[in-house]
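For reference, each letter of the sequence shown is one residue, going 99 to 479 in the numbering used here.
Treat the hints as calculated values from the structure; they're not laboratory data. A couple of the hints might just be wrong.
What the hints assert, rightly or not - Derived DMTMM-like pairs: lysine to aspartate or glutamate, alpha-carbon spacing no greater than 25 Å straight-line:
| id | residue 1 | residue 2 |
| --- | --- | --- |
| 1 | Lys-402 | Glu-318 |
| 2 | Lys-389 | Asp-328 |
| 3 | Lys-194 | Glu-101 |
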Amino acid sequence: MLESLKNTPLPLESFPPMAQKALQPETPKPMKMMAANGALPLPPDTLILLWYQLSFESDPEIRGAVTETVRTFDEAIMVDLASRDLPESVIDWLSKTNTENAVLEKIILNPKTNDATIMDLAAVTTRDLVDLIAANQTRIMRAPDIIDKIYANPASRMATVDKLVAFAKEHQLDLSPFKALQDFISAKDAHDDEPGLSDEEFEAVIASSAATVEKQETGEAALRNLKSLDEADADASPEEQTKRITRAQRIERMNAPQRVRLALMGDREDRSILLRDTRRIVYMSVIKSPKMSLGEVGQICASKSMPDEVIAYIAQRRDWVRYYPIVVALVNNPKCPLSESVGFMRQLRLNDLKNLQKSKSIPAQLARQAQMMFKQKNERK
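Given these sequences and hints, build the entire structure.
Rendered as structure tokens:
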């Protein structure tokens, strides 16, 4: 798989004497600030290299001045520089520093631009620039990773994604490393005849979800006062419940490929609705979403209405089961695989073991194991 460029400074001897003087370690800060602000009498193609080099300075004030200069410098000059035969690392740095569409367009069209730079842009850029990237079939053939990034970009049109998937199939490009994209392709192959939202309607849903600011809690704080997903939904305000109904009605009109893509890019509300979909390809796409938060995982574990495979998947995620509240919720969920529950039970505190042995919702075999383990631990007190 293609990796982002790891940019490093250019050789000092590649610079003209005046630029070299500004870049020496012993050069006074005022002169370096002059260079960072573009005040040295140097041609633009030398200035851009100088700014790139100064971006590695340890002084944050110098780095900040460089960033500000590159973002606000004369646009016509920056557009011209973006199409020049510059080192790949400089073009890559420019693409992340000056994000004006006119500059990025020239970077996308520049044959000197590294495929990794285009891959990074494809993940975050605008709809029109995504289409420009997608139009370069030679680059797509060389770096199919770009398709995966376009798929995961909320700004990408569904029509663009569909065309790229069709192109990849036609030219037998290997998309197997990209699991989320593979789920989309599987859903498309199995349910392509389903009616769904128009591209415009689907884009509106994605835009709305992307604009949602989600509360990000980490660690044990995300799992305090743990409720099941159903309980959390029931506790929502009337306004939130009305919004949820409207959202659910919109999702109901989506076809399977659209739901799978929404599972990747949607917000917490979308994921809560999609988890209840009857199709495995949809609900498994939700639980595998990189946006899935620890708090959501806890609520899902505490919900006995979730599909067996979702609970089994959580039980196998070592980054999730290192949190004690999730372990407790899994052991108390009858859909957790017995082998996993027995293993988790060894981690339980005495009081949780005591409650577990009395539970009527877990398998009898597990309750007996809990009773034995409680007795052993209690005797060792």
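Going through the hints against the structure:
With a CA separation close to 22 Å, the supplied pair Lys-402 and Glu-318 stays within the 25 Å bound. This hinted pair checks out: Lys-389 and Asp-328 have alpha carbons roughly 20 Å apart, not beyond 25 Å. This hinted pair checks out: Lys-194 and Glu-101 have alpha carbons roughly 15 Å apart, not beyond 25 Å.
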